[in-house]
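S.K.: Sequence order for the protein chains is A, U, F and S. The opening residue of the first sequence carries number 1 in UniProt numbering; numbering runs sequentially from there. The opening residue of the second sequence carries number 1 in UniProt numbering; numbering runs sequentially from there. The opening residue of the third sequence carries number 1 in UniProt numbering; numbering runs sequentially from there. The opening residue of the fourth sequence carries number 1 in UniProt numbering; numbering runs sequentially from there.
Any given hint might turn out to be false.
As the list claims (entries may be wrong) - Here are the simulated distance ranges between beta carbons:
| id | chain 1 | residue 1 | chain 2 | residue 2 | range |
| --- | --- | --- | --- | --- | --- |
| 1 | F | Arg114 | S | Arg98 | 25 to 31 Å |
| 2 | F | Glu111 | A | Leu67 | 29 to 35 Å |
| 3 | A | Glu85 | F | Gly92 | 43 to 49 Å |
| 4 | A | Ala72 | F | Thr55 | 21 to 27 Å |
| 5 | U | Ala64 | A | Arg98 | 42 to 48 Å |
Said to hold, decoys possible - Over the 10 Å line for every Cβ pair with chain S, so calculated as not near, a few chain A residues:
| id | residue |
| --- | --- |
| 6 | Ser30 |
| 7 | Glu42 |
| 8 | Asp57 |
| 9 | Leu67 |
| 10 | Gly92 |
| 11 | Met101 |
Don't read these hints as lab results, they were simulated from the structure. The beta carbon of each residue, even a glycine, is placed where N, CA and C say it ideally should be.
The residues making up each chain are set out below.
Protein chains: 4
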Amino acid sequence: MDPTDAQTACFEAGIKFGSLYHQFAGTPVSPASADSLARAMEEAIENQPHCESVTVDVLREELAAELAESAADYTELTGRFLDVEMVINYEGTEVRTRMDMQDGYPLMRVEDVRPDD
Amino acid sequence: MDPTDAQTACFEAGIKFGSLYHQFAGTPVSPASADSLARAMEEAIENQPHCESVTVDVLREELAAELAESAADYTELTGRFLDVEMVINYEGTEVRTRMDMQDGYPLMRVEDVRPDD
Amino acid sequence: MDPTDAQTACFEAGIKFGSLYHQFAGTPVSPASADSLARAMEEAIENQPHCESVTVDVLREELAAELAESAADYTELTGRFLDVEMVINYEGTEVRTRMDMQDGYPLMRVEDVRPDD
Amino acid sequence: MDPTDAQTACFEAGIKFGSLYHQFAGTPVSPASADSLARAMEEAIENQPHCESVTVDVLREELAAELAESAADYTELTGRFLDVEMVINYEGTEVRTRMDMQDGYPLMRVEDVRPDD
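Excised from the complex, chain A in its bound form (with noise of 0.2 Å):
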């Protein structure tokens, strides 16, 4: 069957997730340079169509210990430095994702689906 306008809308929210991810993930980041690829992977993102808006945290806390454990100034972006949540709108349905850590893993999810009244 064809997709609903709600099935279409959680597909586009993936497609941002996906994106985010695999545009972002290995780039090299510090403390110091946190917020400015926070920013850069929000107004990115943003551009894709049905895209509402975009909130990443590049955790400092969490790079600041990685770093304390080693001799490096920096590390590679990967999910666990990640807090970011995505609302979608495809024809009226708005869609509420997030991604962070659970278990011990980056976890990309659904919240929230809710279709035009």
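Given chain A, put chains U, F and S in place with the hints provided.
M.R.: Okay, now just chains U, F and S, sitting in the frame of chain A:
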């Protein structure tokens, strides 16, 4: 509302498409290296959860046509050179998705959602 | 033979250019998001060892011109939209490098190698 | 001063390493998909100018060991799982380079510069 299984299946399908595109876009590619890249893309994304199959065609004829117009031996992978099909299965809901060129743009879309009987 | 310091400085400069290009090529970009992306690219690569400064200009006029020809609001970052300068210092040898468009291709090159006196 | 051919050869070698790493880091990888990814990396980077050969080993034993410690079937490609050799030739100067783990970090380095006689 919480997502249905079919909505989650569509979300998962979108994640795979965004991942595939933004992980591999920009890769140096020529007609001779098109096949190894296509195989790697398929096997990489098939690792992701709920992903039943990925079929990637890197379009050698399109690559050859673009290179014939320039002095270059290779170019960067972009949607213009890709035809991709994916099958996702989440809790018994099967979602079939595709990306190919439509009106000059690479269009990712859900072609079929088949919930469990 | 083992590399000289000046040769290692040039190797390090090349690493930064390849990193910058292949990390960020493919990022969704518009005139409005060009600046945040440029700042993130600079600060990300400046994290890498021996990297004194990175200056990235994402060319808004070029972006606007390309978007005016199409129905799209954004495009993917590629070398056509970039002008980059980097200064690397390895053990006292300073290397100045640049990437910009030359004859239709983004050309990365070493402009100056200044060994220690 | 303008770079010598040997310095340019080292710059070109660095570009290939940065490209290889930041194009492919973050790719979903498992012991079963390690070989197709390694082949694609080799053939992709060999497209680039002045690149004579690229040999990539994606370390299946390291992957298997990491996966055995977790509940996951796959992980993201990072330097810990890579051993790479490259030969660059620029105007007769041959440069041999390598990346492997040294003291817990992936180290990219020039092993040999052999100018023309």
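S.K.: For every hint, state whether the structure bears it out.
M.R.: Okay, the hints, checked on the actual structure:
Checked against the given bound of 25 to 31 Å, the beta carbons of arginine 114(F) and arginine 98(S), roughly 27 Å apart, stay inside it. A C-beta distance of roughly 33 Å is found between glutamate 111(F) and leucine 67(A), which places it inside the suggested range of 29 to 35 Å. The supplied range of 43 to 49 Å is met by glutamate 85(A) and glycine 92(F), whose beta-carbon atoms lie about 47 Å from each other. Between alanine 72(A) and threonine 55(F), the C-beta spacing of about 24 Å keeps the proposed range 21 to 27 Å intact.
At roughly 44 Å, the beta carbons of alanine 64(U) and arginine 98(A) sit within the given window of 42 to 48 Å. With a least CB separation of 15 Å from chain S, serine 30(A) remains clear of the 10 Å interface cut-off, as annotated. Glutamate 42(A), annotated as away from the interface, keeps every beta carbon of chain S farther than 10 Å; the closest lies near 19 Å. Distance check for aspartate 57(A) against chain S: the nearest CB is about 19 Å away, which clears 10 Å, and the non-interface claim stands.
The non-interface label for leucine 67(A) is consistent with chain S: the shortest C-beta to C-beta separation is roughly 13 Å, beyond 10 Å. At the 10 Å boundary, the C-beta of glycine 92(A) stays outside the reach of chain S, the nearest C-beta of that chain being 34 Å off. At the 10 Å boundary, the C-beta of methionine 101(A) stays outside the reach of chain S, the nearest C-beta of that chain being 14 Å off.
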